[in-house]
Amino acid sequence: MTSLTGTALFILFPLLDAVKRSFFTAMGGRFTGLRAYAEVFANKAFQLAAANTARFTLVCIPLLFVVSLGLALAVFAAADKAEIVKTGLLIPMAIPAASMIAVWRLLFADSGIINGITGAATDWFAAPYAFPVLVGTYLWKNLGYNLLLWLAGLYGIPAARFEAAMIDGANGFQRLLFITLPSLRPQIFTIAALSLVNSFKVFREAYLLGGNYPDDNIYLLQHLWSHWFASLDIDLLCAAAAVLAIALFAAIGVLRVTLREAT
Amino acid sequence: MKTKIISTLLGLICVPVILPLTLLVLGSMTGAEEWRGILAADVIRPILLPTYPTLAPLVEILMDTPEFFHMFWNSCRIAFPAVAGQILVGAPAAWALSRMRFAGRGAVESLYITLMLLPFQVTMVSGYLMLDRLALIDTHWAVILPGIFSPFAVFLMTRGFAGISEELIEAARIDGAGAVRIFISVGLPLGLPGVLSAAVLGFLEHWSMIEQPMTFLKSPGLWPISLFTPIFTAESAGPGFAAALLIAAPPLLLFLYGQHDLERGIAAAGLKE
Amino acid sequence: MIIYKKLIASLLCAATLAGLAGCGATPQTPQESVAMGRYIEEAWTTPEISERWYLSGAHLRPDGKFAVVAQMNAEPYEIKYYTTADGTQWAEETPPWLSTLNGVAGYFRSIDFNSKGEGLVCYLGTKLDGSGEELDRIAMISADGSITDSAIGEDGDPWDAVSHMGSDGTIYAEDIEETEDATEETTSDTAIVESALPEEEPVPSIMPLFPRDVLMGEDGMVYLTTQFSGSGKFDPITGELTASYLTEAHSFTLAGGEAVQLLTMGSAERAGHTVDANSLFFSDAATGMLNRTLPSENLQIDNGAAIAGGEDGAVYIANKSGLSRVAPGGDTWEQILDGNMCSLSVPSMNPYQIFPHGEDEFLLVFYTDQSLRFFNYTYSEDTPALPDSELTVFTMLDNRTISQAVGAFRQQHPNTLVNIRTSRDIAEAGNGDDVRAALNTEILAGKGPDVFVLGDLPLDSYIEKGVLADLSDVVDSLLETDSILPAVTEAYANKNGIFAIPARVNLPTLWGDEDAVAAVTDLDSLLAYAKSHPDERLFGNMTPEHLLYQLAPGTLNSLLKDGAVDIAAVEKLLATVMALSETADEPHFYSYFGTEEYLSQIKGYAYTFSDGGYVAATNTPADPEDYFAVANNRAALMLQFLNGFESVMQSNGVINKRLGGMTWDSTGEGDWVSDVPDDMVDKVFRLFPDSGLYEPSCVVGVNAASTQPELAKAFIEAVLSVETQNTDLGDGFPVNREAIAIGADAYQSHYTSHSYSTATEGDPSFPADEMRLEYAWPSKPMLQAVADRLSEIKTPMMQGYPLPIKYAMQECLPLALDKIINGESTAGEAAAWLAGELSLALEE
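Residue numbers (the working numbering), protein chains in the order written: chain A, 1 to 263; chain B, 264 to 536; chain C, 537 to 1380.
Calculated lysine to aspartate or glutamate pairs in the DMTMM-like style (CA-CA distance at most 25 Å, straight line): (1) C:Lys1097 / C:Glu1380; (2) B:Lys481 / C:Asp934; (3) C:Lys1097 / C:Asp996; (4) C:Lys1031 / C:Glu1328; (5) C:Lys983 / A:Asp17; (6) A:Lys20 / C:Glu978; (7) C:Lys1249 / C:Asp934; (8) C:Lys1097 / A:Glu39; (9) A:Lys44 / C:Glu1373; (10) A:Lys20 / C:Glu1000; (11) C:Lys1249 / C:Glu1000; (12) C:Lys1342 / A:Asp216; (13) A:Lys201 / B:Glu468; (14) C:Lys1355 / A:Asp123; (15) C:Lys983 / B:Asp395; (16) A:Lys201 / C:Glu1380; (17) C:Lys1342 / C:Glu1081; (18) B:Lys481 / C:Glu870; (19) C:Lys1355 / A:Asp216; (20) B:Lys481 / C:Glu978; (21) C:Lys1097 / A:Asp216; (22) C:Lys1249 / C:Asp924.
Derived by calculation from the structure, the hints in this document are not laboratory data.
All chains, full assembly: derive it from the sequences and hints.
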């Protein structure tokens, strides 16, 4: 109980401070009311970043879902033979982004390995490749962990259910649809939330590879945050963060309801 | 037969996933001479298999760069206590959260998730103020303390505890166990996968944290290894890769170490029905 | 499987921990002094000497007095001797050996005494009786003051005859085959064995050239360190080399029976170890065998370091970071005096010698301003180790003017420690973004440094958000006395006040043919001139990339208008560059400068614009091709960013060669001069492309949230004071009027030459006489002309540029040009592309 309050305090206090800052000038001088919010919404950079981030999230998460679920089903079916696969796919998550940066550069540079194989001199960080490359990085990192989570869910399904279904004459696909997926429902929310959190973490790769002003397609909200922070536009930053918080809160709420999560 | 096909396919998928790591390993075994050749070529060749594999870059990092170890040790000093703290503080909180059946519980959880997604810059300033008042700036506690109260760990553990069925708890209560006892003997063992996940992921996060140490730690003697940024020229590429490999080693090993326990825990929980 | 994984994991963990434990043996970084008590610095006077005399040969006498030699740098090269007991008064002495020496010495080098009163003096001249050739010689002074020749210094460099040292310290000459040690691994020291050939006669020893350092040992031996040949111990009676020490080291001292040397540059190999610079080498004094080394990575040896051995066998080193000590036989450094609290950290002060004496006192000899200065340091137990107040100054990179200002500030505020923080203190490998984020966190929390040096920092945001304090009161008092250029006070001012002041200024200038200089006032007229003089070559290097590099900085102000990119202006810049480059058939006048070899040399230079923090990186390297072309009358114009009066030498020398070359001025002693005729000085250069444009450097401001605003403002005043501004540190002209006047009136005996003799064999386009530039100090009228321009400046470069825009412009301008060169776009399209790239940054 105490720990709950402790946690809450440490987290809520900065949040409230941030909200407060959104109503004042950057150095805390004058009260400016909703001016910061108005500026944020009118700001074209914000609009671009928000659109990009939304697009990225809406593409990545379902993609990750499908791919990792597919892999999980395959691994589940292959059982013991796929031990090494689990480990292998898990490795990318364990490596800090900074460690990988040199390797990414070698792979994607203008005269890098990939260009060497394809023979073309594609600029992988410019449109139209930047976005897919970023999505690829995200998938690479997160497949393994999601795989484990799905597997956890799959292992949790009692064999009895499958047997019952087979007796009823259901084929593989129907079993998948009506037994597997619904049984995995508790997992879905967790995985969705985690995938969402991790999708925001992809900024580190985007920054390390694309610099401060990457291609317009992968200019994310975090780029904007760090630029606003660098120019001390903290009021804009906090206002935008508050807006984002509300939007996310609503979105997650919707997700809950859709999945009919127990409250 | 079907399983064979599937596992082969899976194996194939593994290759591009592991490839970057192998490049890292190979790169750290390549000497400066070869690096010069590689980088000077028009196109970098696909497999960086060194013609003359050498442990020299690794040795250079291990032997000739004392600050590497110093920073490595600092990272350990930060990450382990932070993770321990996260579990100690977060587990009870997560337990409470998962057991409570009040109306807004879902909202609270959503709040946690939202908080995880907010820009860190926002919380850094007030964090700095708080830590400064506690006179903790320029000590390792400045990084450890905020880490202990991370919402990420709490979220993971809550999820882990949420799956435990009510009946078991009821049974324990009937047997006369108090709230704390229930937590320790029923909640923790069954929620172990969640706790372990939180621990492992929390470690990774603290191991690769950059902004917080940079802002809160002023003396270079306190810096963790995540702030070690090698510059990549032909001469320093080998050691740079070796350093990157060494930096990646602990989280990697932890993941591998914990993976099986994790799975076993999950399987055990699955058999509960 | 699982077990294996766990096993491997545990093994690796154990290995890591073992490695960590192992690293405990490595030497540690200097630790802060924790004791109460502090060394107090006391400035000593110097003996009064007339012009044409200079001081050298400072040494400590056995009677406790401190002595220094003064010598003339012209005929008759007389030597005088002064002593002092406490640095307040100097007495001229004439010991018996002085007059003998005066008879034969052409040039005095150094002198030293041991505690018994025996000494030596090193000089360039004949033997004491007047016989023999003029060579570097050593003469011995006995306790009674008489002087005799030593046997050291005839013909034959002892190091020539030496092939290697045996493992027991014996010295082997060349023609003796070394049997036992030859096959041994070089883990054993090589030693020099006395040659067995010419038996009774000692190995003839020649005086090595350019003796740097001499030390009179307690054992009566002479310890000599030379510039090129090495370092060794000589017997003055026989002249033999009896022990040889590390050759590459530059400083030498004795401590506790060991010879201690400091290696400051490059690396050295000894006994199989290769050790890099900034290490101390300890060898056995008797045999020369290497005992151990002590790496000292954190020592900054920029302005040299001095080492000395104490009576207890400890080793002391004085360098930029302060005074440090190694205990006898120890392997760690202990900092006993922080450089920031004394003159050691001041860039213009170079520690030259250090003499521990008395009870815990040190005398430091500094080389500064072409002369010596003396400071004595006494330990005061009652003074607290750290001063009561501390002022924090933040600068992204090391800034020499700021370090210099610390010295001036300390005169007025001796009890304040100035703590200079750089980006290195926040992040190792400079990622500026992370550093700025960390700094901003502090600022937003209401903390942060007291004083900012605003290079590479978001200056415009700081002003907008009120981070910087109003400096109007400081400025007003300075303007009242007309102490500084008014223009710099307007650079970063708005209706709310004055928030930052550039303490240094660089001038973008155009030099060359007087008609061309008269006609070319901006980009448009440059292009017009090129068109109307199709046969005349404008610059030496007419490649578009080079032209953009030269012309862009001056036009930056016009490229940004009302918070958006002025596409038309960008287009004009790019189009002008392309048009100009097309007017030359050969882009390079001297083909050497287009070769791979040369281009690979300059490949590392970044395309950056100065941002007010440190030495301008703009126009670096000064492309010598333009200079050579103009000097040899092949091209009409060249551009240079002048960053101080000394930098005028270069362009002045170029014009001088163009107009006829160096002449011999026979007034007084006579000297080569490279003057530009007085009536021409104003015609051969101008500020380009705008007569009021300047590049700000070392921009300083005060944190509005500082808890010590008075002290902070006092520091600003120190930065702008004549003491600080009067030193030419290569980071810009002074803005202090008095300093400008002094600078324009100064004279330094300088001769420099610049040539590419080896690079252009067989290149007919670069003949030998053309590839050499020689120049001397500019004439006073020339310097005055530059000073006049200085007082006409008005607008700073990149005024109103947000930091991200600066970086983006830096990055995108060359890329835009590339597009045109590749034929991908026209100038207009490239300009539009640039605007598109920058639009996002401008939106934020």
